[in-house]
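Student: Working from the sequences, and respecting the hints, build out all of it.
2 protein chains.
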Amino acid sequence: MKYILFLLLSVFISNSQIKKEQLDLMPWPQKVDLTAGTFALSKNFKVNITGNPDARIFIGATRFLRRLDGRTGLFFEQDFLTKINEVPEAQLQINCTRSGKIEINENESYQLSIDSNKIVINAETDLGALHGLETLLQLLQNDGTAFYFPSVNITDSPRFTWRGLMIDAARHFQPVDVIKRNLDAMAAMKMNVFHWHLVDDQGWRIEMKNFPKLHELASDGNYYTQEEIKGIVKYADDRGILIIPEIDVPGHASAILSVFPEIGSKIDNGVGSYAVERRSGIFNAALDPTNPKTYEVLSAIFDAVCPLFPSNYFHIGGDENNGKEWNANPKIQEFKKKHNLANNHDLQTYFNMQLVPMLKKHGKNVMGWEEIMTKDMTKDAIIHAWRGTNEGLASGGSLIAAAKNGYKTVLSNGYYIDLMLSLESHYKNDPISKTVLLTPEEKARILGGEAAMWSELVTPLNIDSRIWPRTAAIAERLWSDESVTDMVSLRKRLKTVSFRLEELGITHIRNKEVILRNISNNQNTISLNDFTNVCEPLKNYTRNGGGKKYFMFSPLSLFADACASDASDAIDFDTAVNKYLKDKNIENQKGVTHFFEKWITMNTDLVHLSTNAPLIQPLLPLSKSLSDISKQFLLRFDDQQTLNPTILNDLLEQCNSKKQADVELAVYSSLKKLL
Amino acid sequence: MKYILFLLLSVFISNSQIKKEQLDLMPWPQKVDLTAGTFALSKNFKVNITGNPDARIFIGATRFLRRLDGRTGLFFEQDFLTKINEVPEAQLQINCTRSGKIEINENESYQLSIDSNKIVINAETDLGALHGLETLLQLLQNDGTAFYFPSVNITDSPRFTWRGLMIDAARHFQPVDVIKRNLDAMAAMKMNVFHWHLVDDQGWRIEMKNFPKLHELASDGNYYTQEEIKGIVKYADDRGILIIPEIDVPGHASAILSVFPEIGSKIDNGVGSYAVERRSGIFNAALDPTNPKTYEVLSAIFDAVCPLFPSNYFHIGGDENNGKEWNANPKIQEFKKKHNLANNHDLQTYFNMQLVPMLKKHGKNVMGWEEIMTKDMTKDAIIHAWRGTNEGLASGGSLIAAAKNGYKTVLSNGYYIDLMLSLESHYKNDPISKTVLLTPEEKARILGGEAAMWSELVTPLNIDSRIWPRTAAIAERLWSDESVTDMVSLRKRLKTVSFRLEELGITHIRNKEVILRNISNNQNTISLNDFTNVCEPLKNYTRNGGGKKYFMFSPLSLFADACASDASDAIDFDTAVNKYLKDKNIENQKGVTHFFEKWITMNTDLVHLSTNAPLIQPLLPLSKSLSDISKQFLLRFDDQQTLNPTILNDLLEQCNSKKQADVELAVYSSLKKLL
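Protein chains in written order, with the numbering used here: chain A, 2 to 676; chain B, 2 to 676.
Among these hints, one or two may not hold up.
Identical copies go unnamed one by one, so any copy, or any two together, can satisfy a pair.
What the hints assert, rightly or not - Mimicking DSS-like on lysine-lysine, the simulated pairs with C-alpha atoms at most 30 Å apart in a straight line are:
hint: 1; residue 1: K84; residue 2: K550
hint: 2; residue 1: K540; residue 2: K44
hint: 3; residue 1: K214; residue 2: K181
hint: 4; residue 1: K625; residue 2: K44
Honestly, the hints are just simulated from the structure, not real lab data.
Being a predicted model, the structure only gives us computed values, none of them experimental.
Tutor: So this is what it looks like as structure tokens:
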């Protein structure tokens, strides 16, 4: 009898047992062992914490409870965790050996084990335990009537210590709530470095007590108060995230020079000779590296800003100084000769080296974009690799050079999420190239990578849709084993990840609808939404016509702002086309023609909607092109008379237009396969 | 020839001329005269400001430009308005005689005139001009290809000087961004008083420099820093909004007493005898009015809090002190005898009168809920009328009593938007009753009204959907002429208003989808959304079972949180039923049966979705009831065999259940009409 019961039980369990492929974990952990059984969630689910963690684990565990409660509607009884060993009988036990430090190379590993009546998270530091809680949340399952966790043993730790996201708060200011919700999303993806680009040509975003004119005159009222900065630093610390501030010098200096023209490099600079930039692009404004006052001002700025940030690194920018003002200024040229500085690069190194002790004084090392890597630069510096094919260079070149030159280095080239490139391009961009031989020491200097959200084309309304869910793929690249590269698995898991990011306040899904409602003038948005699923914003730097098209003060609420890379129907259509070309049976044909019918209806709807919505007008040429070619393909599939190949090809090429509404049709190459 | 041209032209203009009924203005202005012609918007549209306004008009006009730009995608060239008469040739001219004061009874009138090449806003104060800009935004039209304003002359001013919204930030804390976006929405609806309920049993929400334990121990970390408060006061001032802070005493005192138990009225009060409340309801905790220390603490609190708020009024609450602790405390009873205080009401008056000079010292008069109106209360006080049928009293009784007693008074009874009552009930709730005779002086004392958003059942996720768009109807009641009461017109205009509120960041539409995606576990939400359009959250105080059901720390992400009052399909169904009952033709029958078919499909879908979404399970009994009766009605319409009346009636009554998922079916009474 016992034997039969055992058999019955094991059948029941094995039936209900979930498979690894069903789990939507991201980043995928180093080791996942599913075992038989489940842990059932109930109203009296509680959490207990033991060991010697930092207090951030209490806040983190409370947040965990709220999120789980929001998903399940169980109304857990436990309110706020505040003490060690408060609920010894709790089903979830978290044990941490010691307090985690918010710095690079800290231990972030954890073990998570779930069985039918107990969940245990063990971690050396609370930072590891926080990661364990995120994994646990991702494990949540349901059987249609109740929620449960599958029994599992997970052992996990990051592949790279630097898993960053940069947000440019200068081009378009991003208010505190935008930063905070993105910190939450980063933590959910086990990312641990937030690089805050605070100053650029378009604005100075830090409240300055010693130089109030900086934020008063060079921010249009859009800046972070020091209290807000401290609040964000604390918020990030609570989530295990290090903040690296950036003040970009000596180039990108229009905003600072609009207040301090006397330290600019322009000849006869004076009041009115510099102004906050209203467009994007690379500008000439550069600090004067030969003027002692430049260093007085910078030193006082660092004295004020450094104490706001506990991190050991400070990013000084250093990129894209075009040298035009330096070249045009005889006094600067004279200085170069006098100091034996062969070129502007050497002059910039001279400038950079004056900054090193200013930061050292506050216990900080220099980090900068790859241009700072010159022969005299201290090896304490972190080199931030950013240039690649878009700048006419080999991808990853400066990263490897930095590692070989003895510098710690971080990769952003390939992670420029503002360029609207494909998910795959970011995901397959491994910081450690398989084609270049590196010694173990050199490899160790590659700290990791950083997604870069430059903000020329993003406002609080659309920024989340540029960062998420794509950055989750970068987070996986930087956390998980290098062998985790399957695109089908990534796309499948990313759907759930994307959905769950909503609970952290990420607005990528909800604000898309807001933009579409505005475009449609409050009419039905189904067709517009269908169209976003085949359109992608123009890639690289093509949308904003050399920075000249949009003002930085303009709202961005166009159709292109509702579109994103990896248009979902384009991916599904390509799959359908490939399937059909492999086996031209009726079912596979329907898989393809279904899209054509959809796009013909969509175009008709859009034309109809446009009579009460001028913002739809610019979309009509492209939707007509898609509808026209769809009609032709349908005729061909029906073996009816069709156009000659030249005209058909012309119709197809109209689908390749990149001149309409700042978007391109992402189905063009799949359509071409059918010709 | 000239004559013919003139005729042609006038035909063209009269064809394109919009009718008054087509305008979606809200609140409806006092005088609207449409004239022939239109003003076409273009990229070079600019604004100029003349006269002697407060600087807030520059910020307001810049905001106006951004919003118009976001709607039209025109990328206006004008960046930030900062000076008087900066662009004399601008098409929009705003002239203000003087700087507006943020206080009651200030001049808020404006005149707006639009002709084919010029728009002029004239106002005595910038506050009036800001209202004019909101009206102008509401006038935006399009002809399918371009945007324009119709030619019009509008003369406008408010009927009542107090058009308020209260947000309770104590029960559920509402972060800065929630407050700010609601201030924007208020301004769009020409509301001018934000009443900020900052302290209650469930939390103390003000950072205190003199008593830091108040925010450290009685807020769970959820409070406004003083800098944030100053920022919100400035933000409100920029939008012409007065802020009235409230610290609710002597009842509703659990939070304050959790820190200062020694000033509580409990016998043997001491550490641990009071705690921040985790549920809602009326609690016993009350300050001890006989203890001098009570007044020392309160005086020091007012000394710290009053300077944060420029307003001339301070709300001291004063409601719902149940007197239980006072009755149980012999020392307090003795004090009453000694001071000839006949009852607890007199004792509370004694308490209130100690507060009057504490506030006077900071130039502030007392405002309080109607319980503060007792014979000794100073006539400087504003009486806030809140009780009515829900508390077993006649509606508006205390408002009239206050006006007759010589007090200025504000109406909130009938404007409790947390009760989820109908739009109509709020809209038809006029502060000046038609059935009670009042002298002109008494009428003048009725300052206006205030929508009250108590937050037992709202979090940042769903609060906007409780406030908006309903509060716009209250705003119209308080601004527009008393004769503006047509429900059909209101509902029609409210659709556009609701849509436009999105541009201010109001989340009532977008967050509904977020909640539904969570409930559906990321499946298609069409059926769930259909169901929200026939369901309404339980009304009055029935949802939260006497405050016992939900913890204040729990998330609210259930189906009821995605529903709102005035379920849209229920309204449309009722219209269809009435039409059918009037004329039982085929077309009218189809108008009704269409809904039955929709609800049968919806139920099938919901059952299907529920197999992967436990949060749908609680909805199934109600959707099944609706589907069952729909099937019966369809059978009857088809003249097929149907159930006997008793069974049919039973089925109908199942649609009247208020025991499922915290919602009720809003179509019950319409269904009943068909039986």
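Student: For a quick check of understanding: which of the numbered hints are violated here, in increasing order?
Tutor: Checked against the structure, no hint fails, so every one of them is satisfied.
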